[in-house]
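Could you put together the complete structure from these sequences and hints?
Protein chains in written order, with the numbering used here: chain B, 12 to 127; chain U, 225 to 337.
Don't take every hint at face value.
Straight-line alpha carbon distances no greater than 25 Å define the calculated DMTMM-like cross-link-like pairs of lysine to aspartate or glutamate that follow [stated by the list, open to error]: (1) B/LYS52 / U/GLU312; (2) B/LYS52 / U/ASP278; (3) B/LYS52 / U/ASP232; (4) U/LYS324 / U/GLU288; (5) U/LYS285 / U/ASP309.
Computed Cβ-Cβ distance ranges for the label pairs, DEER-style [what the hints assert, rightly or not]: (6) B/ASN81 / U/SER263: 37 to 47 Å; (7) B/LYS77 / U/GLN226: 21 to 31 Å; (8) B/LYS75 / U/GLY240: 45 to 55 Å.
These are calculated hints, taken from the structure and not from any lab test.
Backbone N, C-alpha and C define an ideal beta-carbon position, used for all residues, glycine too.
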Amino acid sequence: GAVVSQHPSRVICKSGTSVKIECRSLDFQATTMFWYRQFPKKSLMLMATSNEGSKATYEQGVEKDKFLINHASLTLSTLTVTSAHPEDSSFYICSAERDRDTGELFFGEGSRLTVL
Amino acid sequence: AQSVTQPDIHITVSEGASLELRCNYSYGATPYLFWYVQSPGQGLQLLLKYFSGDTLVQGIKGFEAEFKRSQSSFNLRKPSVHWSDAAEYFCAVGANQGGKLIFGQGTELSVKP
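See below:
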C-alpha cells in the first residue's frame, strides 16, 4: 500500500519556539493533504486542508497564523507550530489523498509534540 | 449538523469472543463511511469503507461492517477477537471517497485472555 511518512515522530520544545512537522507521500503524488490534531483519548480534529501550490484552507477555530501549512511540492506538506505553548502539545496526524478520482486517503504515523 | 457518534468509549472483550462496535452518523448527503484502527502512538489504518452497493462490507483482519440507512448506523463486527485487535477504533464519514473526514470519538478495545 501507499506510504505516508511524518517526521519527526516525537519532538519536545520550549515555549516560544517554533516547530516544523513534515508529511511526505513516499510513493505517490498528493495534490491534497490534510492535517489533524488529536488530543489524548479524543477524536481527530481536522485542522486544515493543504493543497499543493496554493494556500491552505483552515477549519473554523484554527489559527492560521499559529499553524502555518505549506505544501510546496506534490510529495511534501509541512505544519509549523509557531511560538508554541504547552496547550499546543498534542498528536498531529497528516493524511494524503493519493488519487483524486478514488480519493483514497493514507495516514502518516503521527507526530507527538510536547511543549515545555 | 454533520457528526459521528461512537457511544462506547471503552469495550473489553475476551479473546475469541465476538465484537461489535457501534457507530451512528448524522449527515446531510449520501455518506461515505469508514472504519479506521489506531494502535498506541501510531497513525490510522483503514479497516474498511462503504460507498455504495452491498451494505455488508468486508475489510482487513477479519472485520466487517453493515450500513443501515434507516438507523444511520455503520457498526463494525468481528466474529472472533484476537489479542492483537486491542487498539482504538474510529468511525468516520465523508462527502466522497477521500478528502475531509469527520471522525467519531473513538472506541478503545481491550482484549482479555
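Consistency of the hints with the structure:
1. A hinted pair counts as satisfied when its Cα atoms are at most 25 Å apart, and B/LYS52 with U/GLU312 qualifies at roughly 9 Å.
2. Only pairs whose Cα atoms come within 25 Å are accepted, and B/LYS52 paired with U/ASP278 is rejected, the gap being roughly 33 Å.
3. In summary, the hint linking B/LYS52 to U/ASP232 is supported, as the alpha carbons are separated by about 13 Å, within the 25 Å threshold.
4. At roughly 23 Å between alpha-carbon atoms, U/LYS324 and U/GLU288 fall within 25 Å of each other, so this suggested pair holds.
5. Restraint check for U/LYS285 and U/ASP309: satisfied, since their Cα atoms lie roughly 9 Å apart, inside the 25 Å limit.
6. Checked against the given bound of 37 to 47 Å, the beta carbons of B/ASN81 and U/SER263, roughly 29 Å apart, lie outside it.
7. Between B/LYS77 and U/GLN226 the Cβ separation comes to about 25 Å, which falls inside the hinted range of 21 to 31 Å.
8. Between B/LYS75 and U/GLY240 the beta carbon distance is about 49 Å. The supplied range of 45 to 55 Å therefore holds.
The structure shown violates the earlier hints numbered 2 and 6.
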